[in-house]
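Asker: Spelled out from the first residue to the last, the chains are:
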Amino acid sequence: MMLSHFSAVLLFALCVSVVFGITQRTEPRKMALFAGYCFILFVGGTIIASWVMWLIKR
Amino acid sequence: MEERMATHAEQTTPHSSGKATAALILGWLIPGAGHVLLGKWVRGVLIFASIVIMFSIGIALQGKVYAPNMGDLLDMLGFAGNLGAGGLYLLARMMGWGAQAVQIAVADYGTKFIVVAGLLNVIAAVDAHSLANGRKAAA
Chain A
1425 MMLSHFSAVL
1435 LFALCVSVVF
1445 GITQRTEPRK
1455 MALFAGYCFI
1465 LFVGGTIIAS
1475 WVMWLIKR
Chain B
212 MEERMATHAE
222 QTTPHSSGKA
232 TAALILGWLI
242 PGAGHVLLGK
252 WVRGVLIFAS
262 IVIMFSIGIA
272 LQGKVYAPNM
282 GDLLDMLGFA
292 GNLGAGGLYL
302 LARMMGWGAQ
312 AVQIAVADYG
322 TKFIVVAGLL
332 NVIAAVDAHS
342 LANGRKAAA
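Residue numbers (my numbering), protein chains in the order written: chain A, 1425 to 1482; chain B, 212 to 350.
Pulled out of the complex, with its shape left as it was, chain B reads as follows:
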């Protein structure tokens, strides 16, 4: 019984707050990197693949990459969603990927793919943070 409790305690022992913060920031910058930092390689690779594929499809469909703006509310929300992709968004801005405006029908799909990739990346980064600080049980 004690052995089982010790094993459970080892599994759920929270990491230092520094590691939790690192998992959050690294997970935001590179999709899945927060999980990899915590030793969850398979989860990290799956998250990386899913988010990068979604973001890439969005760019390939000529989806809009939002710039910082104080204009229309939906444009501001679009920027917030894009920013969630972290390093991918910064890379897209630096390389000039994506379109400035939606010009073809499928580009609207592309815009949604890019925004959702960013939002999923935020969820994944927060999940890595929760795993690191013990809020979520590590299986």
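Here chain A stands alone, though its shape is the one from the complex:
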């Protein structure tokens, strides 16, 4: 199996966010919101870190 770096990030963020949402909140709506929040932070944080590394390399 071969995954690109970005698809690995997306799968990792999706699975972890689902579990975080379910375990860290009590109501279904808040679970979904928290899962979405975690997903955005995981993926967004990775993209920002990638650009920072690109800038350091230049």
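For the record, the hints were derived by calculation from the structure and aren't laboratory data.
C-beta atoms are modelled at their ideal positions from N, C-alpha and C, and glycine is treated no differently.
Treat the hints with care, as some may be off.
[What the hints assert, rightly or not] Okay, the calculated bits of chain A under chain B, using three or more residues with CB under 8 Å as the criterion:
| no. | stretch |
| --- | --- |
| 1 | 1448 to 1455 |
| 2 | 1469 to 1481 |
[To be verified] What follows is a set of in silico ranges between Cβ atoms, one per label pair, in the way DEER data are often shown:
| no. | chain 1 | residue 1 | chain 2 | residue 2 | range |
| --- | --- | --- | --- | --- | --- |
| 3 | A | Lys1481 | B | Arg346 | 24 to 30 Å |
| 4 | B | Met306 | A | Leu1479 | 30 to 36 Å |
| 5 | B | Gly307 | A | Ser1431 | 25 to 31 Å |
| 6 | B | Met281 | A | Gly1468 | 26 to 32 Å |
| 7 | B | Thr232 | A | Trp1475 | 46 to 52 Å |
| 8 | B | Leu302 | A | Trp1475 | 22 to 28 Å |
| 9 | B | Ala316 | A | Ala1473 | 16 to 22 Å |
| 10 | B | Gly229 | A | Tyr1461 | 32 to 38 Å |
[As the list claims (entries may be wrong)] In the BS3-like style, the derived pairs of lysine-lysine whose C-alpha atoms are separated by at most 27 Å in a straight line are:
| no. | chain 1 | residue 1 | chain 2 | residue 2 |
| --- | --- | --- | --- | --- |
| 11 | B | Lys230 | B | Lys347 |
| 12 | B | Lys347 | A | Lys1481 |
| 13 | A | Lys1454 | B | Lys347 |
Guided by the hints, dock chain B onto chain A, whose structure is given.
Answerer: Frame of chain A; chain B shown alone:
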């Protein structure tokens, strides 16, 4: 008012400690099973799918499955993380899945996927235990 309080009390009534322990152990052995035991089917299925998918991706990427060891600290922590996956880890060890050492670049991702799947399973099992004993409100 009394009716509302009664409904709230019913929702937060803790189960027996035996059921809480069963939810913890079952949740560790099979991802999401603790939630299913408590009647939280959707949560149980979502947890099961997330953890099994992560673990499977890790194995497919030829991630390392740690054996019990007393060597390097990171190896010991890796084993502890793997052990969190419960039945999945035991199955992987019995079937000889995964790699003994990281040999290709993406295998390092695979190793992390397997360890994180185990850690998430511990969080989910503890969450089922908290739901069962009333520490976490059941919605």
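Asker: Now, for every hint given, state plainly whether the structure supports it.
Answerer: Each hint tested on the structure:
no.	hint	result
1	1448 to 1455	holds (count 3)
2	1469 to 1481	violated (count 0)
3	Lys1481(A) <-> Arg346(B): 24 to 30 Å	violated (48 Å)
4	Met306(B) <-> Leu1479(A): 30 to 36 Å	violated (45 Å)
5	Gly307(B) <-> Ser1431(A): 25 to 31 Å	holds (27 Å)
6	Met281(B) <-> Gly1468(A): 26 to 32 Å	violated (40 Å)
7	Thr232(B) <-> Trp1475(A): 46 to 52 Å	holds (48 Å)
8	Leu302(B) <-> Trp1475(A): 22 to 28 Å	violated (40 Å)
9	Ala316(B) <-> Ala1473(A): 16 to 22 Å	holds (18 Å)
10	Gly229(B) <-> Tyr1461(A): 32 to 38 Å	holds (36 Å)
11	Lys230(B) <-> Lys347(B)	holds (15 Å)
12	Lys347(B) <-> Lys1481(A)	violated (47 Å)
13	Lys1454(A) <-> Lys347(B)	holds (14 Å)
Checked against the numbered hints given earlier, this structure breaks hints 2, 3, 4, 6, 8 and 12; the rest are met.
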